[in-house]
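**Q** Take a look at the letters that make up each chain.
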Amino acid sequence: MNKLTRMIVVLTVIGLISGGILAGVYQWSLPKIKANQVRATDEAVFKVVPGVKSYRSIEHDDLTYFKCFDKNGKWVGTAILCQGNGYQGEIKLMVGVNADFTRFTGMTILEQVETPGLGAKIAEKSFEDQFRGLAARPPIEYVKGVAPEKPHQIQAITGATISSRAVVNIINKTVEEWLKAK
Amino acid sequence: MDLLIIFISAAVVNNFVLIYFLGICPFLGVSNKLEKAFSMGLAATFVMVLAALVTWLINNLILIPFGLPFLQYVSFIIVIASLVQFVEMFIRKMSPTLYRALGIFLPLITTNCAILGMALLAALRDYNFIQSVVFGFAAGIGFTLALLIMAGIREELEMAPIPEPFKGAPITLIIAGLLALAFMGFAGLISG
Amino acid sequence: MAEGKVKRNLVFEFTKGLWGENPVFRQLLGMCPTLAVTTSSVNGFSMGMATSFVLICSSTIISLIRKLIPNQVRIASYIVVIATFVTMADLFLKGNFPDISKALGPFVPLIVVNCIILGRAEAYASKHTPLQALVDALGMGVGFTLALTVLGTIREILGSGTLFGVLNFEPWVVMILPGGAFITLGLLIGLLNFIKERTGKPASAPACPID
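Chains as they are written, first to last, in the working numbering: chain A, 1 to 182; chain B, 1 to 192; chain C, 1 to 211.
Just so you know, the hints here were simulated from the structure itself, not pulled from any lab data. Nothing false has been slipped in among the hints.
Below, in silico cross-link-like pairs of lysine-lysine (PhoX-like), each with a Cα-Cα straight-line distance of 25 Å or less:
1) Lys102/C <-> Lys47/A
2) Lys34/A <-> Lys53/A
3) Lys94/C <-> Lys92/A
4) Lys125/A <-> Lys102/C
5) Lys34/A <-> Lys94/C
Negatives, chain A to chain B, calculated, CB over 10 Å:
6) Val13
7) Asn36
8) Lys53
9) Asp129
Heads up, incomplete: computed chain A residues facing chain C, CB under 8 Å, no partners named:
10) Lys3
11) Ile14
12) Gly15
13) Ser18
14) Ile21
15) Leu22
16) Val25
17) Tyr26
18) Ser29
19) Ile33
20) Gly117
The C-beta atom is built at its ideal place from N, Cα and C for all residues, glycine as well.
Sequences are here, hints too, so could you generate the full structure?
**A** Here it is, written out as structure tokens:
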């Protein structure tokens, strides 16, 4: 076997073995990975729409949302996946609205890379809780330094206005898209 | 507009070296002279653009349609290693002067985590073809920028009385830390 | 090429990776993950473990097949072997430890280009017996994990005020950020160089091995 042939054979064999092993490992781990993803979505949906027992996911262009039903099968609300640019990077969150779309039922941050100790506080319970019962119309706003006066306002985090504003903008934008789509 | 955001984000706001920690090895090794830094940056940017292009093709024409996402790391790194080989051969033939200037840096680029990191990020964010190429280019520019700034500072420092244990890597890292802090000032440039 | 010419004892092959030839502090390899994922002791430790897994497996396999690989394609072959183990580690983490997988992020696949692994393959595994390669990889892996855990612990205590999650004191946020990472590592290496200088050994210098 001359040199070139040997080189090609060795590389091909290694490539094939590698491909085979990886295909096997992939098949073995795929169910677990999928289960993890479902569990993460479950957690988020259950967190933002209280009383939900089951949900149906609907995708529309770039928009993903979940119609939520209680144990009797009644439609209790919708969880909407939102994402957009924050201060340091992308923010991904899930927001819940009630069935007649008058109020938000909750919000949870899924992914964020904001400044620890400042912007990262958007993932803290005190900020997320502000969205529970928040009026859904007109589009929500934020206020700085004072307690919110109107039912559709939240208070921005001190020292993290941009991150707070990003969350508000992301929610408003995605909700507009959802209203058009549903 | 979208492309401009990708460019500014990758080159400055989320600078590959100072914020994402990619490409540190060459950053430490090659940033002591401005010409070396520039050559390395140039070579890396060139490879990055090609890598962005080819990995996008492989990912979207082969891996995804055939359901082979688990071959992503293996195929990407092979692409990068091969690209570097070809680029080296090409430059050696086409321009011996250019080869003398950048040639020795090329093999080092294979293990430059910035290249693989860029390719993986572009795939993760599902950029389309144009976006990937812009991203690769921007990442390269950002890398070059970080290297040039560091080289400029280190050249100035050559005359400074640095304690012996801190010469070389330690002082470079500390300076990099200060630069990283400075670059954080760019955050918020692209927020919604 | 002389094969493992001096049969240094296996204990030495293991311990050199911990201090004298510590991959992070002395050889200055694997800088990227060292800076990026050491935001907490758990993250640093997990990354160390994942890298050690890839290092040990690939060094052993490469040593086993070293006589079968033609010289010109050796780097390419090593890379494929390494990338295979990295993919395995990544899939394993995604399936069984999704939170850690998310925390380490893209740095798990970047283990492929971690100079430590390719460096040990080229400099050692390809020239020694599988047992020696395994022990060497073990030592380097432990040394790397130690370095990352130490760095992660420092940054976690100072940056988040916690240790393995238990709250401590008012944090310096900068430690969690890139700036803090660079500065901490720089100070640590400077300190170690200082110690080495006192004991008469040379300072750390980059050792990335490609060509």
